[in-house]
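Novice: The listed protein sequences derive, respectively, from chains X and W. Last residue of the first sequence? That's 533 in my numbering, and every number before it is there in order. Last residue of the second sequence? That's 343 in my numbering, and every number before it is there in order.
No lab work stands behind these hints, which were simulated from the structure alone. Be aware that one or more of the hints could be misleading.
What the hints assert, rightly or not - Chain W is faced by these chain X residues, among others (derived, beta-carbon under 10 Å):
#: 1; residue: Glu363
#: 2; residue: Thr438
#: 3; residue: Ser439
Said to hold, decoys possible - Chain W stretches covered by chain X per the calculated footprint, using a threshold of three residues with CB under 8 Å from any CB of chain X:
#: 4; stretch: 208-218
#: 5; stretch: 230-241
Said to hold, decoys possible - The list that follows gives simulated cross-link-like pairs (lysine-lysine, DSBU-like), each with its CA atoms no further than 30 Å apart:
#: 6; chain 1: X; residue 1: Lys291; chain 2: W; residue 2: Lys148
#: 7; chain 1: X; residue 1: Lys352; chain 2: W; residue 2: Lys148
#: 8; chain 1: X; residue 1: Lys173; chain 2: X; residue 2: Lys352
Using N, Cα and C, we set each Cβ at its ideal position, and we do this for glycine too.
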Amino acid sequence: MTGSQTSGAARPIVSMERIQKSFGENRVLSDVSLVVERGETHALLGENGAGKSTLMKVLIGVYSADSGRIVLDGEDVTGLSLRERVDRGVAMIFQELSVLPNLSVAENLFVLREPRSLGWRVDMRRMIADARALIERYGFELDAAARAGDLGFAQRQMVEILKALSRGAKLLVMDEPTSSLTAREEETLFTIVDQLKASGIGVVYISHRMADVLRLSDRISIVKDGRLIGPLLPGETSIAHIASLMSRPAEGEDAPSRIKAEPPKSVAIAPRAGAPALSVTGLSTAHKLSNIAFEIAAGEIVGLGGLVGSGRSTLAKAIFGLIPDVSGAIAVAGRPIQLGIVPHAVEAKIGLVPEDRRREGLVGNRSLAENFALTNLAGLSLGHGFGPMATGRIASLFARYRSDLSLMCRGPQQVAQELSGGNQQKVVFAKWLATSPRVLILDEPTSGVDINAKRDMRDLIKRKAAEGVGVLLISSELEELMELSDRILVVAGGRIARTLERIEDEAHLRTLLQIDADRRAEFHEKEGAA
Amino acid sequence: MTTLASPARGSLANFARDHITYGIFALITLYFIVFAPNFASLATASAVLRITAIVSVMAIGMTFVIVSGEIDLSVGSVASFAGMAVAMLYDSGAPTFVAPVAVIAMGALIGAVSGLLVTKARIPSFLVTLGMLSIFSGLALTVTDTRPIPILDDTFSAIFWNGSFLGMQAPIMWTLALTAIGYYMLHQLPFGRRVFATGGNPVAARFSGVRTDGVKIAAFVISGVTASLAGMMLAARSTAGNPSLGAGLELDVIAAVIIGGTSLFGGYGSIVGSVIGAIFIGILGFGLLVIGLSTSIQEVVKGAIIILAVSLNRR
């Protein structure tokens, strides 16, 4: 073992050489070469659909390359299966985490290789002890006996990472690891990545968040139209430069400059005529929200700030009628609506772009046209719901939104789950825009979409507000929250902790969110003690 | 990425996969035409369609339930019970046209109860309808102490089985009419879109304003209606209500729906497919009979072919 180690020090963990991959006539990867060194964090950037996922699937062995070579730690693994590569130390931490929620952390870590006693009986005690030792070795904050389903996203990620490490992983591929983490959890993850680096493990880090990438990675490669650009060194590049490398050539020349955070708007909301688009008074739910009250004027964008778990998404769902036990009152354009029933909210012209678009936003196995029409079935059928669907009208309306949102798809009959994240999100937007909403509730509308789709989406939100739609925007990206919102309500512990009309900068906002969250937690502790 | 993955190649592969059962169907029919005497005749065709009608009618209702992501195991015993009920209604002097309407209403009610138990009491449909299967096969046997009741009303028998309409035998007419109605409801009306969305992703459907509970209840009501219709067709065929007429039919019905390309997990399916699936099972049974296999061996061969067809058609 140790004999070959001397020459191995300089040897990269993995090198992919001149990889080509086509699906049918569609060339997805052409002549891509990627090298990840020992202890290197190599960031992989690219728009949705550029070929990042395909490249990674070729790397871990889900797809086999049409030509090219993959060398893992000195060994040619090109012809090996996924299974064989995993045995040789390749591991992918998936975006949709594959932790088994019904099992404990320890059980998850030792799935399929549980320690045995008497030859066949699973030795639970030893398993937990082994798990604790493992957790300690890498210095994670994790309870080996906890049920994985009860953990937050960051801790589930830790379980995934530990599982890979305990199986001797040398190379970890992390796909959008921060997309569902809170600010604090992100810090933990970054520390973990640094630890991995220190222990000589190679990391391929896929992300849409430029700031994270610049801060974390040793080198940056960009996938664009199936080719690889780079690697770049983070010290020698900037967000604007990367964005310009990634962006579609057909798009406008001012693309890179637009993604820079605009200075926060100095807010001076002129009193608007008429009833507010949305007014919420005394809204409470059994478990989470207490006495929420606010208004959104027509054409106003109100941001909801707060940490994950503060009650922002619950508030969105409560307004939209997804939570049955609510008290209080909600009115749209001055007209009160019945609480707790989604069809009533839809009828009142509220639309919700939910946080989890795969689970909540789209019916994955049905066509885009069907998903698009789902919010307005009565309006898009003859005889207002009693006659057949007006397929022609659906098609022409779909075509309009397709070009309006620059949605990339094969056509209205394409199945929704085949689209990339950003395009899926555009379909979710389109299905609500087609209802001509008065109020749009957007829960993390740009999470997990690439930088150009993100820009499209933000422009769209501004445009809709300009047309008079009242927008409630939830976003964990503070820069986005500041760029778009006229006002920001900070939610903490199920209450509105403060209203911000003017914010200095992102750091200031981040501090305020944390302060409010801590204050609420403290308050609850005191209440509990009393 | 997946978007780029399958333009031209995908549609062709999809087409082949979607229609492979029809290929098997054609091959088996061809086999019977070559090896079974007089198989390719109008008489055979109409005999098969007649035999198939009952399963077809139930499969149309079942398609709504399965596409919505649920299952209805009770259709066979609901059919038995409906046959008994209509016979008893005539026995107690109900007018010709009142009895069937009452029985259909009863079928709808049974479906509604199943649907409410599934959606509001949150009991899995497998268990609810397994219970219903037991309840109604038991009731069908109890009401008359397991004795059949003869039906003397000739108009009833004519409408549901023996007669013909526009030169077509009644059971074939029923199949056609219900196929058309089912097709219109599932593939044309907004209601159908809700059924597909509910089965495809109930959460996203709810987030889009679909009342998924209502959609499921409606699907069970439709299945209850088609099961009671099929029960009356069975009763008309034997001009009697017999408590075990529909026993075991649910298996053929579910097999027909799945062979027809409907996903057992919901969200994907077709009415015409289900009817073709039913006809496939009919041809298989009839052909094996004509070839001269014993009934017990027939069942074995039929089961094996159904498994083969379904495994090739899996979604």
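Novice: Tell me, in ascending order, the numbers of any earlier hints that this structure violates.
Specialist: Of the numbered hints, 3 and 8 do not hold.
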